[in-house]
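Enquirer: Single-letter residue listing:
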Amino acid sequence: MHERILPKPMTNSSLPPVRTGQSWSALAAQFAPALLLLALLAAWQIVVWLQVYPPFIIPPPLAVWQKGVEVIADGTLWGHIQATMGAVVAGLAVGLAAAVGLGYLIAKNRVLDHALSPLIAAFQSAPVVAYAPLLVIWFGSGLTSKIVTSALIVFFPMLMNTVVGINSVPTALRDLMRSMQATRWQTFSKLEVPAAMPVLLGGLKISASLAVIGAVVGEFVNANAGLGYLINLARSQYDTPLVIVAVLALTLMARLLYSGVRLLENHTLAWQKRDRPQWK
Amino acid sequence: MTVQLAVRDLTVVYPAPGGGAFPALGPISFQIEAGTFVCLIGPSGCGKSTLIRLLGGLQSPTRGQAFLGESVIREPSRRVGLMFQDANLMPWRTVVDNIALPLELAGVSPVARTQSALALLPKLGLSAEFAQSYPAELSGGMAQRVALGRVLIQEPEVLLLDEPFGALDALTREQISFDLMHMWSTGGQTALMVTHNIHEALLLADRILVLSRRPGQLVADIAVTLPRPRRISDSYRDDFGVLAAAVRAAIQQT
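For the record, the sequence lines run as chains A and B.
In terms of our numbering, the first sequence has 244 at position 244, counting the first letter as 1, and numbering is strictly consecutive.
In terms of our numbering, the second sequence has 11 at position 11, counting the first letter as 1, and numbering is strictly consecutive.
Hints in this document: simulated from the structure, not taken from any laboratory.
Possibly wrong hints are sitting among the right ones.
[To be verified] Straight-line Cα separation of at most 25 Å, SDA-like style, residue types lysine to any residue; simulated pairs:
| id | chain 1 | residue 1 | chain 2 | residue 2 |
| --- | --- | --- | --- | --- |
| 1 | A | Lys273 | B | Arg8 |
| 2 | A | Lys273 | B | Ala131 |
| 3 | A | Lys273 | A | Gln30 |
[Stated by the list, open to error] In silico negatives: residues of chain B with every beta carbon more than 10 Å from chain A:
| id | residue |
| --- | --- |
| 4 | Leu58 |
| 5 | Gly64 |
| 6 | Leu101 |
| 7 | Pro102 |
Ideal Cβ positions, reconstructed from N, Cα and C, are used throughout, including at glycine.
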């Protein structure tokens, strides 16, 4: 009788070797942003060496670095960052509170929805730069007009996300809460808020970046402090390195705010991000 | 025996899309004694789910009345536990937090409600290792067990089950039906369950109510005289076959 020969089970030693090419591509992907930045800096320096433009239009990277160190050391930059950050945080808070409050009321009240939706659509399509001068006339050149500009630019996308988020709560879950005699507050806090949270946080991510734009627009129009004001001032004095330093500070600020919202999202929506075991 | 649930001339009529009336249910009258398990069978769209919603206080009838004990049902009651075809679990809450939700809404302390939910897991056939899992990590059968736990934790007098296992595969459905029967027999609740499955109805129920096509009216009230406790092997009994034929005939005459 012939013995039936079964294929050998695969052991660690018989497993195909790990492809090193994959680890190289992973490594390259990890360092790609830094490499790209270095390439851009190199290209910038080459343009400066070739003297295509005068230094007051395209200053050398080293001049920008030195300007940055100078304004950080003497506290100038920090003062303007504080002014802009104050307007951004306050504008974000006011805009979010108003948008979430009104968005909830619109989502729950059909009459209010019909009454306000055309107005909201009209206001939303007006660019903030166009009406920012009006805000400066009404609220002055101080912090208030910057906060209002920032709040207004945050308001509309957050309002839309709130309405969509609350309306997307499944009717079956509303019935479930009713069947358990949940109060209106319990339905709000234990169903509507968590169910709408992914959409609300999506709106907050957009709003965090928009709030910076709003504050800077307010500072461009008329202000006596802030990074927008600093950019305007430096531009009028042909201090291009300072313009670039202020723009970089703004980029960093927007990025930090965005990262803060991402952290909040990771914490709040942990249930969405867990690795799923295969029970199914 | 005490009557726990009753409906009298219950009728639901919806406005038709093009004007006029769209009769969805009734008039229908019946009563259910305390501690009995009743199954409701009828063609699709005959108003079974509407009837469950009326008894759960989620909807008002056009005419007639529904009673929970002596009281007219006008709103949901904590004495009634409602389970739907979909598990309707909150995806952001863990298994334990989903089960404990009714206690949370009733103001029970976090420690007490978590203990109650954890104590319920083995009875539901769920391992403790799933206590902190999220609904997306569960199979359909496990999710329905969690939904059942959420109903049972409030210790309701009445269970209203709207085809709760309809979406499950046959084996899971049979197992979970038996687990439900076991929990019902120890809990002593009054149960009304919508099902399309004659086999399931005969294994679970003391009575089977058969509804006609829309608007659903009662066409048969069949007493299931099979002895308890019931087993899968009961489906091979002669009287099981006779009862199944009676239910099928009642459905066909609708």
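Enquirer: Hint by hint, note whether the structure agrees.
Expert: Status of the hints after comparison with the structure:
| no. | hint | in the structure |
| --- | --- | --- |
| 1 | Lys273(A) <-> Arg8(B) | 50 Å, violated |
| 2 | Lys273(A) <-> Ala131(B) | 18 Å, holds |
| 3 | Lys273(A) <-> Gln30(A) | 22 Å, holds |
| 4 | Leu58 | 6 Å, violated |
| 5 | Gly64 | 21 Å, holds |
| 6 | Leu101 | 7 Å, violated |
| 7 | Pro102 | 5 Å, violated |
Hint compliance for this structure: hints 1, 4, 6, 7 are not met, and every other hint is.
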